[in-house]
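Protein chains: 2
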Amino acid sequence: MSSGRQVAESNGAGSQQSSGAAGKGSRDKNLSAIYESVSEAIIGHRLKPGARLREDALADVFGVSRTGIRKVLQRLALEQLVTLTPRRGASVTRPSVEEAKDVFEARLLVECALMEAAAKRMTEADVEELRDMANQEQEALRNREQRTAIKLSAAFHARLAELSGNHTLAGFVSQLCSRSSLILAVYGHSGHLGCESHDHENLIDLLANGDGVRARDFMKRHLKSIESSLSMFDEAEEAPDLRDIFASDA
Amino acid sequence: MSSGRQVAESNGAGSQQSSGAAGKGSRDKNLSAIYESVSEAIIGHRLKPGARLREDALADVFGVSRTGIRKVLQRLALEQLVTLTPRRGASVTRPSVEEAKDVFEARLLVECALMEAAAKRMTEADVEELRDMANQEQEALRNREQRTAIKLSAAFHARLAELSGNHTLAGFVSQLCSRSSLILAVYGHSGHLGCESHDHENLIDLLANGDGVRARDFMKRHLKSIESSLSMFDEAEEAPDLRDIFASDA
DNA sequence: AGAGCGCAGAGCGTATACAATATGGGGCGA
DNA sequence: TCGCCCCATATTGTATACGCTCTGCGCTCT
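Just so you know, the protein sequences line up as chains Z and E, in that order.
Note that this note's numbering has the first sequence beginning at 91, numbered continuously upward.
Note that this note's numbering has the second sequence beginning at 91, numbered continuously upward.
Because the hints were derived from the structure by calculation, they are not lab data.
A hint or two may mislead.
Heads up, the list lumps identical chains together, so a pair's fine if it works in one copy or across two of them.
What the hints assert, rightly or not - Taking lysine-lysine and the DSSO-like style, the derived pairs with C-alpha atoms no more than 30 angstroms apart in a straight line are:
1. 310 x 161
2. 210 x 310
3. 161 x 314
4. 314 x 138
5. 310 x 138
6. 138 x 210
With the hints as extra help, turn the sequences into a complete structure.
Laid out in structure tokens, this is it:
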């Protein structure tokens, strides 16, 4: 049944999404796989904020019907990775400055608080795993693979939160990290990635020593440094600007 | 079939829309309205943990097709109010003890942290609104309307978080409060509601005085007292228990 | 010539139909 | 009589079809 349906280039704006996710066999009818693919594409900045996600285009790409795509989009919308406008369809969320501040404030609160629990509960295997992730991230950075690095960085923070033992809070952190990736895409500088080169390694050292308090403080500085590396200003708003501007004239 | 329609419309007190625009009376075809109804029914313990939510039963009740119901159920599932088991359908989530602990730990962390910001930003109108909500809750308690009281209590906490100005964290709190309602349904004592009689009023007083630090401490005690009022032990699990018990025999 | 109106197309929203699967009961065999 | 297997049924999973609304372009009227 019509196998060679490659990525049908229907997007305006020349953002070509390289070759599909997992290659040819990706006719995975499993919806969670589709979710993963789209989510990864967004977090990895292959789909940039503002990009429209048309239902039948996606349905075509993944070889399922719109029904499944809608499910995926709805889930992504609840996680605030995509924005669903009533009759216009879905697009990758473009976080406002305010949202960005909220997200980082939330991360500061939650991630720092989880460090102490993580330091206590962490096992050797966990340390190993984290070091591995950090190494992969470093390698991606060396290879100038920003997309991979961003994904790995988000995964690192999420995994760290998971180690606290509180799945609920870890889920929140995971969400916040995904959104942070969007924020970086909008307000970050392309040359400068979110996480400083060796911050994650240093953090692991502190945690491996069981020094939760220092880990917390370090995480605090880490997150603040990420946030301050952004240039968060509302750049030329599109339409609503006009209404604001001429509101007083009427 | 459909043993009893548990999802009847409740007290007309909260009916907000009233704009009966489209023809028929109660059959509001708007999905968000359906979401609200089901969500309220769960939070208000009209639908108890474990209750199955069959798609066509709900579709029948609300006069829409299963498509819309599925959307609603999926959203509720992402908020952890309902559990979706692959081929078995949806049921109201029965939180485990571990989940319950996580939720309260999260509330303790987030809600307390938000108190100081709330104290700073709160206006007189906000104080009024909160007092009004607290009064309604008190009245519901006096009238022995536990369901209403529970809903109002959750709404109070959520509104409080909203006042902090951080929408992201407020959203988390709102979710946590909903889940807390489920936890109360499972581990709480029927005679004893979650929030102590005048705690909310006292909290408002502190906030109105701008005393964020004391409000934070009060909230901490408040939440701890709720949590400690629960009897959190795993009561006779149904099926999976057997597997655990006889796992070593095989 | 400029502006308002109408038509056509595109894309989302909802319903219905069909297919797959788990469950429970009844029949059959040992 | 007990246990196993098979089928009937109930319920979800997925796809397709149709309708509605919004957008963009061309036409006509002034």
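Consistency of the hints with the structure:
1. 310 x 161: neither (36 angstroms within a copy, 38 angstroms between copies)
2. 210 x 310: The answer is both: 18 angstroms in one copy and 23 angstroms across copies each meet 30 angstroms.
3. 161 x 314: Neither, since 35 angstroms and 38 angstroms both go past 30 angstroms.
4. 314 x 138: within (24 angstroms within a copy, 43 angstroms between copies)
5. 310 x 138: within (28 angstroms within a copy, 41 angstroms between copies)
6. 138 x 210: neither (38 angstroms within a copy, 37 angstroms between copies)
Violated hints, in rising order: 1, 3 and 6; the structure is consistent with all others.
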